[in-house]
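Visitor: Each chain, written out:
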Amino acid sequence: MTDSAISRPGERERLTVKLGEIDWVLAALLAAIAAVGALMLYSIAGGSWGPWADRHAILFAVCFLAMIALAVTDLRVWFALAYPIYAVGLLLLLAAAVVGHTRMGAQRWLDLGPIHIQPSEIIKIGLVMALARFYHSLPARSAGLSWWLLIPAALILVPAAVVAHQPDLGTAILIAGTGGIMMILAGLSLRLVGVGLVGLTAVVPLAVMFVLKGYQRARLLTFLNPEADRSGAGYHIIQSKIALGSGGLLGKGFGLGTQAQLNFLPEKSTDFMFASLAEEFGFVGCASVLLLYAAVIVIGLRIASVAHSHFGRLAAAGVIVTFSLCVIINGAMVMGLAPVVGVPMPLLSYGGTVMMTMMAGFALVQAVRVHRYSEVTSGRGALL
Amino acid sequence: MFEPAFHFDEVNERQATFHRRAFLFGGVTGAGLLALAARLGDLQILEAGRYKVLSEHNEFEFRLTPPPRGLILDRNGVVLASNRPAFRLLVATDENVDIDKTLADLALLVPMDDARRARLAVDIANAPRRAPVAVVEDMTWEEFSRVNVRAPELPGVTADMGEVRVYPFGGAFTHVVGYVAKVNARDITKTGPNADPILLNPGFRIGRQGVEKAYDLDLRGKAGAKKVEIDVKGRVVRDDPGGDIPSIAGAPIRLTLDADIQNRALEVFGDNSGAAVMIDCRTGDLLCLASAPSFDANRFVKGLTGPEYKALSEYDRKPLFNKALTATYPPGSTFKTMVALAALEKGISPDTTHTCNRAWTMGGHTWHCDHAHGTLDMHNAIKTSCDIYFFQTAMAVGPDLIAATARKFGLGETFDIAIPGQKPGIIPDIAYKRRAFPKDPIWHPGDTPNIGIGQGFVSVNALQLAVMCARLANGAKALQPRLVHSVGDQVQPSGANAPNLPFPSEHLAFIRTAMASVVNDPGGTAFGVTKLDLGPIKMAGKTGTAQSHTYGAGSRSTKGAAWALRDHAWFICFAPDDDPRYAMSVLVEHGGFGADAAAPNAAELMRVALLKDPEVRARIVQPLPPAAAPTPPGPSAT
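As given, the protein sequences belong to chains A and B, one line each in that order. Numbering-wise, this note's numbering puts 310 at position 310 of the first sequence, and it's gapless, one number per residue. Numbering-wise, this note's numbering puts 488 at position 488 of the second sequence, and it's gapless, one number per residue.
No lab work stands behind these hints: they were computed from the structure. Quick caveat, the model's predicted, so the values are computed rather than measured. Every clue listed holds true.
Some but not every residue of chain B turned toward chain A, in silico, with C-beta under 10 Å:
id	residue
1	T17
2	A22
3	F23
4	L36
5	Q44
6	E47
7	V53
8	L54
9	N58
These stretches of chain B come out as covered by chain A in the derived footprint (C-beta under 8 Å, 3 or more residues):
id	stretch
10	28 to 34
11	219 to 232
Even glycine gets a Cβ: it sits at the ideal position worked out from N, Cα and C.
In isolation and in its complexed conformation, chain B is listed as follows (with noise of 0.2 Å):
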């Protein structure tokens, strides 16, 4: 290639050359070096703070705890709603984790149909990355216990414990108490307390109906969060247990209900369909307020298949329909209570007598009653439930006043007992006809005898029913039904905190005696059929048979008719008779007569709630009388 020639200078020259320009070379290499140096003081000591908080936030995650929902309670603290812990499975949404492969391993551990797993599948595809999805929300141990054991050939599975809601009386109570449901995207708002991530939270649920619905956020509490070191796959590495946020359990609600007075609503109305509300005539709290037949709550949470919804929203009972509040009626005769009051406020007196021949004439028509009662004043109107006396009694007082009377009992009025669903039903005047008929905008004369009897364009719902019932036996005090007791510490307002009866309690007592005839007397429509053998201790009361439907040029009488076609029965009564504590109404659709069907239900009701009563207990158990002579032993002694 090259002659190796050697000019000395030529060498020394390429020498001195190679040390200038390593030295410059070493230079230029130093002051990179110290470059580099610099850049790290820079970054460690001068942003240290500033990377050491991005790192904690690489290194550390804060995970949602739902906190415990608050119980439900009834007056006396048994608990109408409870948390149970419940094993969940769930799938963390991993990429590195194959879905439909660990969804068919789980399917041979737990029950999974394909249905379902194409559904998981979905909803796992969508969940926010590191959001573990529930897969099985309630396992058996057994079915726990499988899972775990296969847990390493799982990958991406975790089993862990959460609280289901548990509705200890299934059914009882799913009307008032409502029930939660699994979050859907509507309930989820951009602000607002439904703006919180722990609704995301898989197995979280919402309040959907009643008391659980109104009352979902003091139910809730807050989220806790649990301290967890994560991987940058956003697996757990290790807890942090000292850096945990604690959940705040949600409040406990109080209601006025009793458990037992509605358990045994529920039981005697067996498959009837009805409601029953009881209210306590001295402060307004609701002791009971049924409708049935009802469905298990329980259900619910769980999430209903589509063949058990059908069943429910099919059958002719309509157990989803709360028939305390929602569900209006024609009162029938339990309104001639406030009819009479109307007619002694109008200054007639209660010994005016009408005579009743099973039909009376009035511009040409004809209006029937059940018996030829003869002649009768008030009270044996009232008693024997005569609708010729209250036709002619409604003509002398003009609906305005009847309405007028009727609504200062609560009737025609919803109330702030906190859930929702209540129908006003209607209480008719003059005035209501012109603004609900505009085409026939006039109040006929021939409108207001069927007023009388609670027929016609009235309509109310059980809980008004009682409501005056209350109002009636209480005698002072426009009483304002609760049901919701205390939320946590704080208690409600009491029904009792309300103004009197704009009423001479001589009417009243007036109303209340007449009551009492109709169980006690001979003759009275409920006598006999509602006996609570409880010695002194009496109820007062009123049947009402309410058309369900316009009757045909046939019998009136609907007792041989088809289901559907039958009077509703209502019964509305209070006790002790002569010391008022309780008051209730009492409805079975499609009953038939009032006497018959929702009399006897009544009084069931009325004696559990008073020999809860320990005073009315004091007045039923007498002490013994003295012990007689006894009796020689013998074989035959009895």
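Isolated chain A (complex conformation) (with noise of 0.2 Å):
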């Protein structure tokens, strides 16, 4: 650590400085667990780099340059566009819920020319931002309980509800969860979170019911008991769980992954890509990667910790909460502990908006790193 050189005023804002501030040992984590993806899509796509593993490298490498620019770019920046881009990010969403491009049976998609956006995706970090920035200037007591709390819970509940009504129920419930715990983590009084957890456990069987649309609650009800409907819906669970299963302590090996490679496994380069991979490498590569994870949201966590500023600190937090419920409600629906939603395994799952998102994110915490001594909204050089 290099403390003593940063903290003196200006020496920070040389740029080979702020590139050796860059947490080097995250980065290279990411670019290690973006490996395992390319490998495991050369694998399953039958020993072949195209179609997926060659894009899905080069597109992480791409992501990675951009998170390193972005890294040095001045934390004021990131505060002062946190608001713009949360409303561009609704914008967007609102705009794709009018004249999206659906796609497998979702209005996701919003086609402008040669590139399709996602919206959805977008909002993910725009909403991080625009809670760490909000609360960011909401004294403590307010955070814990106000009826100021009624504008975080808006900024979540409205890009929520527009992307459950896509239908996206996996990003939706990302989006909820990742806002709902920032504002535990910004201070929301307990009392509130145990009100809240009774609320919720009273009110989801009701939506399940009434509001969710015919096939996710088949999916739901499917999770329950995969083996009602073998063919069907609960031929998702069955099929990763023999591929898991099948895997064994060390993997059919590289290349052999039978339920991947004879298709047996669904969505085998996306959703079920980790599936994939223990089906090729067994518990020991399973926990290895699960290792690597847990590994990113401890070094995560500990940035947004050191952090001087408040956005700083909940801007980081929240992209790891966000990789974290990723990470388990991916990993849990593979391995049949949760029903099938839509939400890929970070940077190892095929998909090239979804990678955007993280890296940007990844982008934010390294910019809290590197600008960890700074305040954003005081003293000289305040933007705003």
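Take the two lone chains, each set in its own frame, and fit them into one complex as the hints suggest.
Guide: Take a look at the structure:
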């Protein structure tokens, strides 16, 4: 650590110093996870770089460079852009809901000429930044219990509701979960948390019965009893468990996963990527990858904890919360512990927009780390 | 929004709360990850075995391979039914394939009319998932190549090589060997051998008639399996020859028939309708069991078209009908052998004479004969086939003793020759009349004379008459006919393992001598029409002419009558007459007089059999007489 050097005013604005302040261990862990993903994509394509592995690797490389560029961007810029990004994200989300491009039965994509964008991914980052921005200026007492909390509640629930309506239950849960946990981290009254949890347990069954779409309800009910519908909705869960279980301790070997190779495993390159990994590398491979994820989470939370600005703390923590929720929801889904909702395994699963979001999030975490001594709203250099 | 207010205690409080709660969050996340790891351990370590099995069930599939069907051979190993490779065209029932389009494309390459296309579309729709359906069963090499070249444009279509049953002699053996045909829904049972999934295999055939049906399970063999790796759509990704289970070929079945004799039988019959049965009269082996005309069994394997079947079933010569077993006819004068034997048994002397004036009257009814034979004894009555003599002999013997004698020679009996379809016919006695005619149960004296000449109630099939003749010729044993020599390695019991005939051998010898006279002595009914031309080898026989309908008041001769109104012609015979080896019966349906129509056919077939017998040949082929003086060379030499 070069705390002494970086604590000198002016010194920390130098690019070389900033680059040195990037957490390269974290960057290496992310690269390692993405590399495992690329290898697995190569394997399940039958030993071919196309159609997934090459694009996965190239996209990660581009995102990695972008992450470094964004990491050295002054945190005050991030701070200043928090609400605008959230606003743009929400507008795009609403636009997609009206004129969106339907793919796989859900209006998730906005077709802008050559680019297809998924506004729900932008709003994930936008929400984290907006909440951090909001709580940065909110006194501790108000963060505990006050009418002000209706604002973050609205910031969370509006996009969550729109995304759920698309319908994309997985992303909606992710948005609501991330937002909720950020509110708790920001100091939400624990009594209110308790009331909220009780309320949730009462509301969820009702929502399942009356709000969810047919296929979503089917997935939930199937999750509770996958054997009841072996060829229909239960098929995903059963085949995923077969892939995992048949991997055994050491796996079937690289390129030898029959469940994935022969397409018994559905969505093998995206949502069920982890099952492909489990089949070929077994318990040892899975546990190793889970350790990588755990390391990313620990390092991320530590970066959040040492940040001087409340914005930085909450922003970094928010990204890590999203990341953790993705890992745990996807893991539980693949292992038959949670219903099948479309949440990918971050950086491991194939999927461009999700990777961009995640890497943008880690760019924010790195920026928090690089600018951990900076305040964002006081003294010289305040942008707002 | 807010005034930036700096209350350091508050800032610190926010930071402290964040630290506490972030730490808590880290802990909860860690616990979540640990839970995932525990679940992984459960699935991947504790339950790995179970899931490995499930994975293999997904990955591998055993596809049944039909076993080669057992051959059917004649007594000398000549193949009567075998298998030949055939190119087949299969269409997989994959949900991604547009069946109608595929069939339309295929129709351009191989002959397929619209009706067939519609039927195939139904077959394919009804086929179980992943089971390919045979679209074309037996393609030519040219068609096969045409399809193969275009294979990339025909998704779901595969060409492979299967086997097709083939009957090299076409029709000659159809009534015995039978044929195989497509499996239909009624063949498949829930349990037992016909529950075997191999029956669902495209192109699998099941025995439908004759030996093919009776020994279907022996001929079928045991299906093997090909281990293949499949993807989720059931498409074969690659073969795994190491895991194949070889099929077990069906057992070959060797018949006692002789292909040369049987083929010759169909030739000599030509367009005539009838049957020929030949038995080895030392063993009971059936050398010939022919029914004419016949039909090509190979057409049935392919599947007969409607018009083809109609033509076969409507032809008045009835090719689909096995006239050797299934049809019964009055035996006519061939039955006189039984009447004569019964008379001898009764103690009537063979020297007893009766006088034939072409007519004989009893109880106000008059019976007729062909000729006025004058006064003759039993030997001459058989030789000239005098009806008047046997009317009176039958009256003297009575129906019950005649029937008992006939039954001891196999008449009225069905034999265990392994193939179905025998009709027992009728050997009437007093009890029969009581049973069969409840309105007129009394045996009238007028019923008896007709029995004496094998008419009236009497009816027999060609196999029974052949057995009768063989037992007469054998002279000792009540031979049983045998059709199947062996199934695989298992030799079937010989027909010679039979009890002795309960008749004195001199009575049997008397009948045989009389039968020899029929053929060899001038005045015998078959004299001159049954020349064997085999030197010392002579034949013995008995003609028979059976009424096919009741004559009106007019002439008894049916020579010029319409085919369906003519008499049935019979001839039974054995040879050599001094050391019998082969016995036979020949029926020519509506052939007219037995000596004219049936006897020459019998003689021709007997020649074939005798010439194939090395011992008989040794008797015929005499050493050349010592060479005469060499002929002087010259143009006049002949």
